[in-house]
Amino acid sequence: MMAKRKFNKIKLFAMIVLAGLFVAGIYTIYLDFTIRERFEGKRFALPARVYARPLEIYPGLQLEPAELNAELALLGYRQTAKADEPGTYRWRGRELDLTTRTFVFGDGPQPSTACVVRFADSQIVALTDRFTESNLDLVRLDPALIGGIYPGENEDRVLVKLDEVPQSVVEALIAVEDRRFYQHHGIDPRGIARALFMTLSGKSVQGGSTLTQQLIKNFYLTSERTVRRKLTEMVMAVLLEMHYSKEEILETYLNEVYLGQDGNRAIHGFGLASAYFFDKPLPHLGLSEGALLVGMLKGPAYYSPRKHPKRAMERRNLVLAQMVDAGFISEQQYRDFRATPLGVVDRPPRGTSPYPAFVDLVHRQLQRDYRDEDLRSEGLQVFTTLDPQVQRIAEKSLQDRLARLEKARDIGSGTLQGAAVVTANQNAEVLACVGGRDPRFEGFNRVLDARRPVGSLIKPVVFLTALQHPTRYTLATLLDDSPLTLKQPGAEDWMPQNYDKRFHGNVPLRDALMHSYNVATARLGLALGVDSVMANVRRLGLDREVPAYASGLLGVNALSPLEVAQIYQSIASGGFRTPLRAIREVLTAEGDTLQRYPLNVEQVIEPGPNYLLTTAMQAVVHEGTAQGLYNRLSPDLNVAGKTGTTDDYRDSWFAGFTGDSLAVVWVGRDDNESTGLTGASGAMAVWGDMMVSMDPLPLVLSQLDNVERLWIDRSSGLLSNEGCPDAVELPFIVGSAPTKSASCGPGSMGNSIKNWFKRIFQ
Amino acid sequence: MTKTTILRWACITVVLLTGCTALQSPPQQTEPSANNAVVALLGKARLQGEQGRLPEASASLERALRIEPRNPLLWQELARVRLAQGQYRQAENLAVKSNTLGYGNSVLCRENWRIIGQARTRLGDLQGAREAFSKAE
Numbered sequence: 000m001m002a003k004r005k006f007n008k009i010k011l012f013a014m015i016v017l018a019g020l021f022v023a024g025i026y027t028i029y030l031d032f033t034i035r036e037r038f039e040g041k042r043f044a045l046p047a048r049v050y051a052r053p054l055e056i057y058p059g060l061q062l063e064p065a066e067l068n069a070e071l072a073l074l075g076y077r078q079t080a081k082a083d084e085p086g087t088y089r090w091r092g093r094e095l096d097l098t099t100r101t102f103v104f105g106d107g108p109q110p111s112t113a114c115v116v117r118f119a120d121s122q123i124v125a126l127t128d129r130f131t132e133s134n135l136d137l138v139r140l141d142p143a144l145i146g147g148i149y150p151g152e153n154e155d156r157v158l159v160k161l162d163e164v165p166q167s168v169v170e171a172l173i174a175v176e177d178r179r180f181y182q183h184h185g186i187d188p189r190g191i192a193r194a195l196f197m198t199l200s201g202k203s204v205q206g207g208s209t210l211t212q213q214l215i216k217n218f219y220l221t222s223e224r225t226v227r228r229k230l231t232e233m234v235m236a237v238l239l240e241m242h243y244s245k246e247e248i249l250e251t252y253l254n255e256v257y258l259g260q261d262g263n264r265a266i267h268g269f270g271l272a273s274a275y276f277f278d279k280p281l282p283h284l285g286l287s288e289g290a291l292l293v294g295m296l297k298g299p300a301y302y303s304p305r306k307h308p309k310r311a312m313e314r315r316n317l318v319l320a321q322m323v324d325a326g327f328i329s330e331q332q333y334r335d336f337r338a339t340p341l342g343v344v345d346r347p348p349r350g351t352s353p354y355p356a357f358v359d360l361v362h363r364q365l366q367r368d369y370r371d372e373d374l375r376s377e378g379l380q381v382f383t384t385l386d387p388q389v390q391r392i393a394e395k396s397l398q399d400r401l402a403r404l405e406k407a408r409d410i411g412s413g414t415l416q417g418a419a420v421v422t423a424n425q426n427a428e429v430l431a432c433v434g435g436r437d438p439r440f441e442g443f444n445r446v447l448d449a450r451r452p453v454g455s456l457i458k459p460v461v462f463l464t465a466l467q468h469p470t471r472y473t474l475a476t477l478l479d480d481s482p483l484t485l486k487q488p489g490a491e492d493w494m495p496q497n498y499d500k501r502f503h504g505n506v507p508l509r510d511a512l513m514h515s516y517n518v519a520t521a522r523l524g525l526a527l528g529v530d531s532v533m534a535n536v537r538r539l540g541l542d543r544e545v546p547a548y549a550s551g552l553l554g555v556n557a558l559s560p561l562e563v564a565q566i567y568q569s570i571a572s573g574g575f576r577t578p579l580r581a582i583r584e585v586l587t588a589e590g591d592t593l594q595r596y597p598l599n600v601e602q603v604i605e606p607g608p609n610y611l612l613t614t615a616m617q618a619v620v621h622e623g624t625a626q627g628l629y630n631r632l633s634p635d636l637n638v639a640g641k642t643g644t645t646d647d648y649r650d651s652w653f654a655g656f657t658g659d660s661l662a663v664v665w666v667g668r669d670d671n672e673s674t675g676l677t678g679a680s681g682a683m684a685v686w687g688d689m690m691v692s693m694d695p696l697p698l699v700l701s702q703l704d705n706v707e708r709l710w711i712d713r714s715s716g717l718l719s720n721e722g723c724p725d726a727v728e729l730p731f732i733v734g735s736a737p738t739k740s741a742s743c744g745p746g747s748m749g750n751s752i753k754n755w756f757k758r759i760f761q
Numbered sequence: 000m001t002k003t004t005i006l007r008w009a010c011i012t013v014v015l016l017t018g019c020t021a022l023q024s025p026p027q028q029t030e031p032s033a034n035n036a037v038v039a040l041l042g043k044a045r046l047q048g049e050q051g052r053l054p055e056a057s058a059s060l061e062r063a064l065r066i067e068p069r070n071p072l073l074w075q076e077l078a079r080v081r082l083a084q085g086q087y088r089q090a091e092n093l094a095v096k097s098n099t100l101g102y103g104n105s106v107l108c109r110e111n112w113r114i115i116g117q118a119r120t121r122l123g124d125l126q127g128a129r130e131a132f133s134k135a136e
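Line by line, the protein sequences are chains A and B.
Each residue of the first sequence is one higher than the one before, counting from 0 in numbering that gives the first Met the number 0.
Each residue of the second sequence is one higher than the one before, counting from 0 in numbering that gives the first Met the number 0.
These are calculated hints, taken from the structure and not from any lab test.
Take the hints with a grain of salt, since some may be wrong.
[Claimed, not checked] Distance windows between CB atoms, simulated:
(1) A:Asp591 <-> B:Thr120: 29 to 37 Å
(2) A:Tyr498 <-> B:Leu46: 38 to 46 Å
(3) B:Leu46 <-> A:Glu163: 34 to 42 Å
(4) B:Leu46 <-> A:Pro85: 51 to 59 Å
(5) B:Leu46 <-> A:Ile410: 29 to 37 Å
(6) B:Gly127 <-> A:Ala557: 36 to 44 Å
(7) A:Asp646 <-> B:Gly127: 58 to 66 Å
(8) B:Thr120 <-> A:Asp492: 52 to 60 Å
[To be verified] Just so you have them, the derived chain B footprint on chain A, three or more residues with Cβ under 8 Å:
(9) 414 to 428
(10) 591 to 601
[As the list claims (entries may be wrong)] Just a few of them, taken from the derived set where beta-carbon distance is under 7 Å, the chain B residues facing chain A:
(11) Thr120
(12) Phe132
(13) Ala135
Quick caveat, the model's predicted, so the values are computed rather than measured.
Don't be surprised by glycine CBs; every beta carbon is placed ideally from N, CA and C.
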């Protein structure tokens, strides 16, 4: 009986053990699977990298030496004595010796070029190869990295291969973290014992984890501190070592570890940390610099060399001492390295974008074609259209002008807000995008998300719609600017007023736009049909429906600055619509082209009416509501533009274009209160500041063969002559000009008499 | 409306629709550009086109257009690339764009009309193609 019970007990015990082993076995297989899955697949999520446009330099390019210097600084080029390594330069008076970096573009890899750039005034006059002294047609610099689209936790890293890692970094790591790394099999019993002894004897608290265990912890486990987790970690570490070599584990470790925080971006891996703290690639890292990074692993925030240089220095020197202890460096080397400064650069190179509004635009355009998780993990390279020079100008113009306006007009400091977008006229590339007064702020992006009533910015579309009917409307057609009441069923009567609260009788169509007369515009728009005006808004590029209320003719519909830019873009490019483009192409991490965004155009407006409208918009600046612009800019620029002011001065707009660029500026308040600013006193001032710095090309309209120019009497809209009082030369679509003559015009009584005398005396 | 006014507006409509008619014979461009960078990029694009690397040819032309956005020859070349890419609607639009910028350059305009004619043929618009080809002569 006793024997039997004993036997049963043993049997039970054996079964429990077996069951336990079985469960442990299954669990181990599960862990094994987990480990291999992560390790075999892609180990790291790589953010998409976003690049600015590459600067192309060529003889004839208008460029200040200072602008080129700014570009080189953005690219991290270094000024050296010889300037013979890629990414270096030196100035010799007005000549620049420059060695470009190699770079893989969408059209293939581009080798490094050593060239000499000669300036005269603010122009590049010669470009030669430094060695052969032959002339070069053009040189394309590598593009500046302007940001990334980061994984969920905002982890950023630059992957490195083990053979790129300086030996000293590996040695420092082994000396400090895991001396028996090359001997153990994932766990180190001696290390554990030592750690236990040190901890129990109260000498210090040590982890005793191998590098393999640390990697497991980072990779697969949460940071809870339980015995179970520790056991799991140990099992996994052994499994990992069974499957992978020491080199693979070390390389992964070096790429994984967390080394610092840049705003909301987490700095991971030695590759990025090297750039972030020392502004140099990892292979160029010195021994003491590597020692500092290794030391920081223990607590990247606590030992941050930027925030706590003293602590970081002590920690680094401790690492150096450990390296002596482990036999990696000599006592003499230790003393030498101890004496070196930390070598950390004051300002980290750009990480989270300095241009968040633009990167936001890029991100949203990418989301049309890519899954967000791919953008955040596949290491895509995104080549954009951003021009850092123009961006810098746009940011500064907005910031400075808003501050000046607040001061001059006694507006509460910091209450004004604004947004600006600049594009290239013909190809619709977005050159700059300023989402608010603080351009580094990654929050509300007003260029895309602040939809505001556009006011008179809509008027060019009304006038364009009229000019598309040359049989009915020309620039000389007299419009009725007398009181107007529109009775609408179920709504209050609509009685538009002019800005000056007066009515102006009969005014030529061109003058009505020039002075931005509301009543004449409203009457014109009603005659044309609100629907057909709104259809034109869509045709010009607004990609959503807007309600066709009569008040829409005076701009009650709210649009974002980007949407306004799209509409004006089609006018600026001669009636051809091109979707505004922020991206040129997307490459894979390996440099293969994934997608191009080629230049496409669609003719949406006939060239003739577009030409007439543009000349009227030029008149707005020469003689109309925007004439203040020529206090600052040369009238030869022939800017075409339009001001916009909304009720109670809530929104101040200006949209306009020169020969090469188009810009839209909005100024207002986030709480939608009155600013007291008109389009001219607010947004236009910012616009003017921008153009003064951008030094744009004058707007010269290409001649069309169905457009002729004739002199017109302003008050009657009839034919006149050059030199007649109140005569103005206007373009007409051939055959649409008035045939009757005003008193001073051809065929007038005065002229007939003059001609009669002429005939007699000839 | 009198008969003459009707006739007059009919004329205007015709003029509106034509665009690039070379009324006088202007000085012809011999060089595609005075800017060597543009000439080099155009040459590169043509080479890439001959090699059948059409997306690259397109990218090179866009680089040239960034330097000279109003050079009608570059727009025309881009139209030709789109034609080769089978993007006929684009080819037509780009050739029209070249026309609006190429006032007075009859050789260029005729070539544009040829491209437009080819594009319309491929699009099945035979009537439109005939009109385009007649302007190319």
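Verification of the supplied hints:
For the pair Asp591 (chain A) and Thr120 (chain B), the supplied restraint of 29 to 37 Å holds, since their beta-carbon distance comes to about 35 Å. Our hint of 38 to 46 Å for Tyr498 (chain A) and Leu46 (chain B) is violated, since their Cβ atoms are close to 57 Å apart. Between Leu46 (chain B) and Glu163 (chain A) the beta carbons are some 36 Å apart, a value that agrees with the proposed interval 34 to 42 Å. Taken as a hint, the range 51 to 59 Å is violated for the pair Leu46 (chain B) and Pro85 (chain A), whose Cβ atoms sit roughly 27 Å apart.
Separation of Leu46 (chain B) from Ile410 (chain A) is about 58 Å and departs from the stated range, judged on CB atoms against 29 to 37 Å. Between Gly127 (chain B) and Ala557 (chain A), the C-beta spacing of about 40 Å keeps the proposed range 36 to 44 Å intact. Evaluation of the 58 to 66 Å hint for Asp646 (chain A) and Gly127 (chain B) yields a failure: the beta carbon distance comes to about 48 Å. Distance hint for Thr120 (chain B) and Asp492 (chain A): a CB-CB separation of about 56 Å, consistent with the stated range 52 to 60 Å.
Beta-carbon proximity to chain B at under 8 Å applies to 5 residues in the region 414 to 428 of chain A; the threshold of 3 is reached and the given coverage holds. Residue count for the region 591 to 601 of chain A with a Cβ under 8 Å from a Cβ of chain B: 7. That meets the three needed, and the coverage hint holds. Because the beta carbon of Thr120 (chain B) sits about 19 Å from the nearest beta carbon in chain A, more than 7 Å, this interface hint is broken. Interface hint at Phe132 (chain B): violated, since its Cβ lies 19 Å from the closest Cβ of chain A, which is beyond the 7 Å cut-off.
Because the closest C-beta pair between Ala135 (chain B) and chain A is about 16 Å apart, greater than 7 Å, the hint is violated.
In terms of the numbered hints stated before, the structure departs from hints 2, 4, 5, 7, 11, 12, 13, listed from lowest to highest.
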